[in-house]
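Participant: Protein sequences, first through last, are from chains A and B. Final position of the first sequence in this note's numbering is 387; the numbers increase by one with none missing. Final position of the second sequence in this note's numbering is 1387; the numbers increase by one with none missing.
One thing to keep in mind: the hints can contain errors.
[As the list claims (entries may be wrong)] Straight-line distance between alpha carbons at most 30 Å, and here's what the computed DSS-like set of lysine-lysine pairs gives:
1) K1043/B x K5/A
2) K1037/B x K1357/B
3) K43/A x K1252/B
4) K1252/B x K22/A
5) K34/A x K1252/B
6) K252/A x K1022/B
7) K277/A x K314/A
FYI, nobody ran anything at the bench for these hints, they're computed from the structure.
There are 2 protein chains.
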Amino acid sequence: MPKSKAYISSAGFTSIGDQWDKSIIDLAVEASRKALKGSPKIKPQQIIVGNMFSAVGASQEHLGALVTSALGLSGVPAYKVEAACSSGGTAFNVGYSLVGSGAIDSALVVGVEKMRDLEPEQVSLALAMAESAEYTQFVGATFAALNGLLARYYMEQMNVSRDELSSIPVLDHTNAVTAEHAQFRRAITPEVVSRSSMIADPLRLFDCAPVGDGASAVVLTNDTAAASSKGKLARVLGGAVATTEFSMYERKDMLDFRATRDAFGQALERAAVPRSKLDLVEVHDAFSVVGALSLEAMGFSKRGMGSKDASQGKYSRDGELPINTFGGLKARGHPVGATGLYQIAEAYLQVTGQAGKNQIDGAEFAATQNIGGVDTTSAVHVFGRAA
Amino acid sequence: MPKSKAYISSAGFTSIGDQWDKSIIDLAVEASRKALKGSPKIKPQQIIVGNMFSAVGASQEHLGALVTSALGLSGVPAYKVEAACSSGGTAFNVGYSLVGSGAIDSALVVGVEKMRDLEPEQVSLALAMAESAEYTQFVGATFAALNGLLARYYMEQMNVSRDELSSIPVLDHTNAVTAEHAQFRRAITPEVVSRSSMIADPLRLFDCAPVGDGASAVVLTNDTAAASSKGKLARVLGGAVATTEFSMYERKDMLDFRATRDAFGQALERAAVPRSKLDLVEVHDAFSVVGALSLEAMGFSKRGMGSKDASQGKYSRDGELPINTFGGLKARGHPVGATGLYQIAEAYLQVTGQAGKNQIDGAEFAATQNIGGVDTTSAVHVFGRAA
Chain A
1 MPKSKAYISS AGFTSIGDQW DKSIIDLAVE ASRKALKGSP KIKPQQIIVG NMFSAVGASQ
61 EHLGALVTSA LGLSGVPAYK VEAACSSGGT AFNVGYSLVG SGAIDSALVV GVEKMRDLEP
121 EQVSLALAMA ESAEYTQFVG ATFAALNGLL ARYYMEQMNV SRDELSSIPV LDHTNAVTAE
181 HAQFRRAITP EVVSRSSMIA DPLRLFDCAP VGDGASAVVL TNDTAAASSK GKLARVLGGA
241 VATTEFSMYE RKDMLDFRAT RDAFGQALER AAVPRSKLDL VEVHDAFSVV GALSLEAMGF
301 SKRGMGSKDA SQGKYSRDGE LPINTFGGLK ARGHPVGATG LYQIAEAYLQ VTGQAGKNQI
361 DGAEFAATQN IGGVDTTSAV HVFGRAA
Chain B
1001 MPKSKAYISS AGFTSIGDQW DKSIIDLAVE ASRKALKGSP KIKPQQIIVG NMFSAVGASQ
1061 EHLGALVTSA LGLSGVPAYK VEAACSSGGT AFNVGYSLVG SGAIDSALVV GVEKMRDLEP
1121 EQVSLALAMA ESAEYTQFVG ATFAALNGLL ARYYMEQMNV SRDELSSIPV LDHTNAVTAE
1181 HAQFRRAITP EVVSRSSMIA DPLRLFDCAP VGDGASAVVL TNDTAAASSK GKLARVLGGA
1241 VATTEFSMYE RKDMLDFRAT RDAFGQALER AAVPRSKLDL VEVHDAFSVV GALSLEAMGF
1301 SKRGMGSKDA SQGKYSRDGE LPINTFGGLK ARGHPVGATG LYQIAEAYLQ VTGQAGKNQI
1361 DGAEFAATQN IGGVDTTSAV HVFGRAA
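Construct the entire structure; sequences and hints are all you get.
Facilitator: In structure tokens form, the structure reads like this:
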């Protein structure tokens, strides 16, 4: 794994939501240009695009060369990395591994997804491609349905109440109010969640991350001299991608998010940062239950206590460990292949003191956790303020 | 770029053609198992899947974790790399860069495509995703149509005859007769090409690579001790991926395959192998004209002379520089995302003396060239017999 130092020198992203007037390429280019503008002395040696379903969402593959050409950077090696909803975090991991090992000196990693051009049922089909076509899709289970089953099991086994389950969505919406790029910038109460329409029992509309268009990009470098603004460098301290048994029904314990547990453990070890040092974590709460189980897998909450701890304020902005500081997947939004890079850009802003109204005071260390499938793939990275 | 030594220690692939009884996962697993069996002491630290259109071909994304889980290797980091028809070569380049730089010590790289489950027009739509949805696809140009325009222009500008253009397909079919995994194992004459049905004027059926299912895999390692059978190691001497202006109509000279020229030049330089030392080259002849222009871009033929030289026997198995030693894209077959890894597996077999009836005597150095789009992305690698 990476032996030299790797840094994020700049980040850029679009706002998330309905972007009818922009194509998937427009979005990727907008985020990339913003990121590149922040590192004018760095010419990326590779361009890596994180994306899940441009084929069905935009009738487009070959995004790597297309984004590169549109940026006027023809010649630069480019490709897409896909790992379902963890495409963004995994694409970043590839770039980080290449830059950190010295295989290359710099990279632009951009995540993008165009979801709003699709009808809702098409989005469901696209997301279901994170699960096996031969088994899970074949029986008609949507991704929301699988997570509904998981939520029911979690609530029953762990004695989690409806309002407790709502605590992470409520927290997300609170944090998003001041986040300019967030899709939903209004605070909600547990009552809003429990009165929202049923999606997949017991999951309601406000348990589920929304459908939106967006793109987020970061510039990676191992050359601190080339990075223009020294005060704005974040160090990538460690990272890991892990997988587990593909579908949740194949696992011994559905409530144990093993991919996240493994990736988080490896990333912390490589970063040599104890868990207690983390000042904030960006958590992959595609569904409320997924956020809770993620917090448990990373050891912040005891088994069964993820939502309960959140309901007690542990993960709020002024709590013991702030999470989803710009609103997380539920309120900032979840443009699938871009989500991991939104998390990483937000962690970058936090540890470099550029998070504005969403700044966590004195944030020095941050982690991001990005899941594909029902924790089938997990990409975790740890960032620190550059010395 | 890679600083330590990287080797291929084994390869495995399926035959190419109609594989109605096998899913995309079955194919990837079959090739992967064969490759892993050849390197029993190596546990891959990453699994990288090269694939272009599993979403539209098999309603499946998240191939990385799915293949990994099906192989019983859950836990191992895994993801898909996509760069249109160069997905296989580009996935290999990512693995090679990670292993060669010491970021990881070993990787399994597997390319797979399932094309025969689709109707012909669906295949056309899938392949067209290598080109821009907003421009090229929008005007209704298929991938064959674009290459037809290119072929007409090439023939006119360079005074290339119908029979000269047929020389690479004829060469491919000759070489495939003894290749067990090839899709079409029978020799043809130029007359067969010129009498075959018109696909996109002037390109006829036998100018075009076929539609087929297949998967190919290699094991990469930087640990020669762990590789079980020392005599069967091939060294990866160098490699590069390059891009160019996205669509051919954006380029100053459509007949200059700049991505291939750049990638080939960089790969040779990194390998420190002069072009004259190469004993064979696997060329991306998705269409006859593309094979000819590729040979010109790599400097083996002068401008306009690619097909003409082939018609004089220069690239035949007993010629000056054998190409497509197992039949190339036209006769071995072109299961899109797998093609680059078939080329690499074939180069591995050649430089390790395991190519059987297709062996090029004394082959010491080999190159592979894998294109995405109309030479929009090109991935080139150079291999050598391990000392």
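Participant: Against each hint, give a clear statement of whether it holds in the structure.
Facilitator: To see whether the hints hold, each was checked on the structure:
For the hint linking K1043/B to K5/A, the alpha-carbon distance of about 27 Å falls within 30 Å, and the restraint holds. Restraint check for K1037/B and K1357/B: satisfied, since their Cα atoms lie roughly 23 Å apart, inside the 30 Å limit. Proposed proximity of K43/A and K1252/B is supported: the alpha carbons are some 24 Å apart, at most 30 Å. Pair hint K1252/B plus K22/A holds up; C-alpha atoms about 28 Å apart against a cutoff of 30 Å.
Restraint check for K34/A and K1252/B: satisfied, since their Cα atoms lie roughly 29 Å apart, inside the 30 Å limit. Restraint check: the Cα-Cα separation between K252/A and K1022/B comes to about 28 Å, which is no more than 30 Å; the hinted pair holds. About 15 Å separates the Cα atoms of K277/A and K314/A, which keeps this hinted pair within 30 Å; it holds.
Of the numbered hints listed earlier, not one is contradicted by the structure.
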